[in-house]
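> For reference, the chains in residue letters:
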Amino acid sequence: AQSVTQLDSQVPVFEEAPVELRCNYSSSVSVYLFWYVQYPNQGLQLLLKYLSGSTLVKGINGFEAEFNKSQTSFHLRKPSVHISDTAEYFCAVSRYGETSGSRLTFGEGTQLTVNP
Amino acid sequence: DTEVTQTPKHLVMGMTNKKSLKCEQHMGHRAMYWYKQKAKKPPELMFVYSYEKLSINESVPSRFSPECPNSSLLNLHLHALQPEDSALYLCASSQDVPNIQYFGAGTRLSVL
Numbered sequence: 394a395q396s397v398t399q400l401d402s403q404v405p406v407f408e409e410a411p412v413e414l415r416c417n418y419s420s421s422v423s424v425y426l427f428w429y430v431q432y433p434n435q436g437l438q439l440l441l442k443y444l445s446g447s448t449l450v451k452g453i454n455g456f457e458a459e460f461n462k463s464q465t466s467f468h469l470r471k472p473s474v475h476i477s478d479t480a481e482y483f484c485a486v487s488r489y490g491e492t493s494g495s496r497l498t499f500g501e502g503t504q505l506t507v508n509p
Numbered sequence: 026d027t028e029v030t031q032t033p034k035h036l037v038m039g040m041t042n043k044k045s046l047k048c049e050q051h052m053g054h055r056a057m058y059w060y061k062q063k064a065k066k067p068p069e070l071m072f073v074y075s076y077e078k079l080s081i082n083e084s085v086p087s088r089f090s091p092e093c094p095n096s097s098l099l100n101l102h103l104h105a106l107q108p109e110d111s112a113l114y115l116c117a118s119s120q121d122v123p124n125i126q127y128f129g130a131g132t133r134l135s136v137l
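Top line first, the protein sequences correspond to chains W and A. Read in order, the letters of the first sequence correspond to residues 394 to 509 in this note's numbering. Read in order, the letters of the second sequence correspond to residues 26 to 137 in this note's numbering.
You may find that some hints are simply not true.
Claimed, not checked - A partial selection of chain A residues facing chain W, derived with a Cβ cut-off under 7 Å:
id	residue
1	P67
2	M71
3	A112
4	D121
5	N124
It is worth saying that the hints were derived from the structure and are not from the lab. What you are looking at is a predicted structure, and each value in this text was computed from that prediction instead of being measured. Cβ atoms here follow ideal geometry from the backbone N, Cα and C, with glycine treated the same way.
Looking at chain A on its own, in the form it has when it is part of the complex (with noise of 0.2 Å):
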């Protein structure tokens, strides 16, 4: 079984909202990531969480915040969004060597 599950599917929020997306695997792999794709565009990463704690920030702005609550999930709270956010997050999740990146669906996130 190599299932990641993002919730939710689809989030619209405005730019003053605060909204969370969550990311959960069960597969015991001890790294998990945050991604950012823009259409037609391959993934950014933005963060990576190696053993629950936060090994890569990929310079993100403050209005996304990571957290890794436990070795099985992945949250990333969003406040002060801008439009140009709007894109498809992805979460992804790896055991050690080799670096194998496992996807989720991913969250389609609207910023109006």
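Chain W on its own, in the form it takes in the complex (with noise of 0.2 Å):
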């Protein structure tokens, strides 16, 4: 089994700050890795995904994480936030390999709120 831990349940910062979204993970084989966000009243967005190969990942909207096997972790950074970030960020995990129709284990999320 999977498990995912957000270390922070709240992330206030200032606009044009950068941030680091913290996600550590747990499993006993090889996994997949992705960040969602959550607007408020909306669904999830694929931010972005760590399937195999460069340890640096790029997303949408200027975000990147980095997979760091050894410490089991997945942290998500932005150099410089906007107000319209503030949002729900999940970290979720699924096997290596695995079909589709398989789980994903979700953290339980980390609210980050951009003030001006």
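Join the two chains, each given in its own frame, into one complex according to the hints.
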């Protein structure tokens, strides 16, 4: 089984500041890793994914994440945030190589609030 | 195009009503999912259909009844719901390996 821990439930930052949202996972097998963003009253939008290859992955809206296998982490970063980045962010994992119809394991989420 | 369309966006129903939620995707994905999400919580998996067959049922009460009429459509039939069933219901779909799930905007359900 897999588990995901998002280390901060809330992260307040000022506009144009850098931000890092932390995610650690636990799994006895290799995994795929995902970050989703959920704006108020909306569904989940895929921000970025790590499947294999380069450990630094770039996503939409200027976000990037780095996969660190030894530390079992997949932290999300953005060098300069905007008010519009205010949202809930979920880290998720699924088992490597599993076909469609398998489970995603989510973290509890991190509320990012960007203040002017 | 990674669009999953859910209707209706909002639904208010009484405990004796019967209603249905609808989900549609045209990405050729062969797996579709129903999730329930309470405020400030991650989505909780309810059902998974893989190649139009129910493959995962997470011990959901029988007042929720899923249906997959074809590979593009997924329905969730609701009957005799309780107020605690009020939540955001999300549909997702995914291709084969890797399992990347794409979500719809959700249906906000209120049970009175």
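> Can M71 (chain A) be said to touch chain W, with a Cβ gap under 7 Å?
Violated: closest Cβ of chain W sits about 12 Å from M71 (chain A), beyond 7 Å.
> If you take the shortest Cβ to Cβ gap from A112 (chain A) to chain W, is it below 7 Å?
13 Å, violated
> Does N124 (chain A) pass the interface hint, meaning its C-beta sits closer than 7 Å to a C-beta of chain W?
5 Å, holds
> Identify whether the interface hint at P67 (chain A) stands, where standing means a beta carbon of chain W within less than 7 Å of its own.
4 Å, holds
> Less than 7 Å between beta-carbons is the criterion; does D121 (chain A) satisfy it with respect to chain W?
Holds, because the Cβ-Cβ distance from D121 (chain A) to chain W comes to roughly 5 Å (cut-off 7 Å).
Against the hints set out earlier in the document, violations occur for numbers 2 and 3.
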